[in-house]
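2 protein chains.
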Amino acid sequence: MPTIKDVADRAGVHAATASRALNSATRGMVNARTVTRVLEAAKALGYAPNSAARSLRTRTSSVAGVIIPDLRNPVFPPIVRGIEDGLREAGYMALLGNTDGDAVRERELFDAMRGRQTDGFILATSRRDDALPAEVPTVLVNRRTDAGGVPSVTADNSVGVHMLVRALVHLGHSRIGHVAGPRHLSTGWERYRAFVDAMDGAEPVTFAEAFTEDAGFEATLRLLDTVPDLTAIVAGNDLIALGCYAALASRGLRVPEDISVTGFNDIPFADRQRPGLTTIRIPHYDIGLESARLLLERIANPAGPAKRIVLPVELVTRGSTGPARN
Amino acid sequence: MPTIKDVADRAGVHAATASRALNSATRGMVNARTVTRVLEAAKALGYAPNSAARSLRTRTSSVAGVIIPDLRNPVFPPIVRGIEDGLREAGYMALLGNTDGDAVRERELFDAMRGRQTDGFILATSRRDDALPAEVPTVLVNRRTDAGGVPSVTADNSVGVHMLVRALVHLGHSRIGHVAGPRHLSTGWERYRAFVDAMDGAEPVTFAEAFTEDAGFEATLRLLDTVPDLTAIVAGNDLIALGCYAALASRGLRVPEDISVTGFNDIPFADRQRPGLTTIRIPHYDIGLESARLLLERIANPAGPAKRIVLPVELVTRGSTGPARN
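Going down the list, the sequences are from chains A and B.
FYI, in the numbering used here the residues of the first sequence are 18 to 343.
FYI, in the numbering used here the residues of the second sequence are 18 to 343.
Calculated directly from the structure, the hints in this document are not laboratory data.
Mixed in with the good hints, there may be bad ones.
Each pair of labels, with its calculated beta carbon distance range [said to hold, decoys possible]:
| no. | chain 1 | residue 1 | chain 2 | residue 2 | range |
| --- | --- | --- | --- | --- | --- |
| 1 | B | R268 | A | L149 | 51 to 57 angstroms |
| 2 | B | A320 | A | R122 | 30 to 36 angstroms |
| 3 | A | P150 | B | V121 | 36 to 42 angstroms |
| 4 | A | D102 | B | R268 | 35 to 41 angstroms |
| 5 | A | R124 | B | T20 | 19 to 25 angstroms |
| 6 | A | G118 | B | R268 | 15 to 21 angstroms |
Note that CB positions come from ideal geometry on N, CA and C, so glycine has one too.
Given these sequences and hints, build the entire structure.
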């Protein structure tokens with residue numbers, strides 16, 4: 018690979034001049050014609066500046082760690098794509114890791130990424146009670162912690178659940194249950210709190226162990242055992258709602274004729290389920306994009322206020338909700 | 018952050034000894050009890066070895082660049098997850114980038130990742146005629162180039178298409194058309210060649226511009242305009258097949274009563290389409306995992322043979338195929 022010396026030789030300048038010309042922070046110190054000559058020489062030789070060396074000098078590596086539970090959960094790919102595009106705007110790249118929700122694995126990834134001089138982190142894995150390291154720029158995406166102090170970008174869970182409950186009440190439903198997501202995740206907890214708030218009191222709730230179809234199936238059966246006369250179920254997210262579908266089918270109940278079901282997220286193909294899933298559309302890609310921008314802001318100014326950005330959501334009505342049976 | 022000197026002080030050894038004890042390659046040179054003491058000291062202090070510095074010394078960074086077209090195409094998340102797990106087995110991490118199929122953006126990403134001391138690349142973006150740089154370890158995943166010389170991991174496209182055609186023939190179909198994927202991608206081309214081979218001659222084919230629903234829709238309309246009496250369509254992949262569904266519906270044709278449709282890949286929720294999609298299941302996760310292992314092998318032995326790994330596929334029969342109408 019060509020070195021800075023090769024570039025300098027070709028451009029007919031000293032290596033220090035070539036180095037200054039190639040670095041956007043010091044380029045202003047060099048004559049514009051020389052800069053052009055050095056850039057052309059670098060291009061002709063295919064010179065790739067050595068970021069590892071630069072990383073040691075400037076203490077930034079232009080890499081951000083992105084830690085998520087599992088890329089196979091359909092909510093994450095469009096978020097990660099938004100993150101990558103947001104980082105790229107500033108010349109950053111994403112180091113990606115999956116944890117499967119395992120805190121030990123998360124810590125290992127975090128440490129390994131820090132050891133590789135990562136400038137900051139975007140975490141989609143946080144539990145409500147996580148104590149996050151304050152010394153490295155970090156932004157939470159989709160999920161957040163109860164304590165403030167760490168910037169986050171999330172969807173408006175509360176408004177979304179209120180929209181769903183209002184739509185169901187409008188269809189004549191009053192016996193509405195909730196299959197909530199896990200209590201230790203802000204997404205599960207905020208939607209649960211909003212449901213309790215929207216229903217104004219004594220409403221039946223079961224908690225799914227995870228945001229998965231299987232956990233939704235199991236928690237729906239528990240809900241039906243407790244309250245057999247429900248006419249609608251607000252599920253903690255779309256995958257839990259698909260678990261509801263399966264649980265209701267196993268009891269011979271039809272959606273929406275016997276029980277209406279709603280989801281949350283509007284994952285890809287939510288419209289292709291049978292029936293199509295009424296849900297809340299969160300702006301997946303924008304959530305990712307905004308979290309990247311917020312991280313870059315944080316890296317530039319670590320002492321700035323820890324903003325919490327909440328993005329608006331919208332109700333998407335499909336075949337899984339209908340008038341309440343009498 | 019603690020330094021190697023802090024670790025050495027706490028363990029009561031020289032810095033050079035601590036360094037050797039922390040590096041798995043040189044650990045054997047140090048007394049076992051000393052190794053334990055150093056590792057305990059490193060752990061107690063939260064010492065993260067500085068990979069950027071190590072990268073300069075050893076010329077490896079334990080990072081691989083992973084370049085894909087778009088994470089939002091549902092075929093890629095499980096492949097990327099497999100890649101990450103495969104890299105992790107050897108302490109490697111994945112730098113992820115999306116190109117949207119743009120060759121310029123791909124080249125920029127490639128160069129930027131090289132500049133960050135990436136040890137090698139896994140590319141899911143290659144066109145059949147790509148000339149790949151030979152000087153850096155590279156593995157192609159899912160797609161490959163016509164020329165040999167670069168290791169690859171792909172699904173068995175040929176066997177998959179033969180399975181589909183055989184299943185359709187078995188259902189009484191003889192007027193079978195093909196909405197192929199793009200000619201410049203090996204996935205599109207190999208499946209097209211296999212279709213021609215399986216059909217033994219004069220069969221109608223149109224090519225979709227891309228592996229998307231929209232392109233599949235448009236190419237299906239062209240196919241129907243040319244050959245109105247088809248009873249079955251073999252689509253280049255699942256997304257193209259979903260475009261077929263929409264095109265057939267726009268002409269008032271039912272799937273499978275009027276025309277049977279097949280896909281390729283078995284993306285998540287292929288079973289939830291209306292009707293469920295008969296398709297070829299490729300081992301997404303294993304394709305990713307194997308490509309990571311192959312890259313690590315390549316990094317360890319760049320002069321070894323450029324293996325081409327083809328993984329087996331299976332036929333998944335669902336509601337989109339039925340007996341040929343008379």
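Among the hints numbered above, which are violated by the structure, and what are their numbers in rising order?
6
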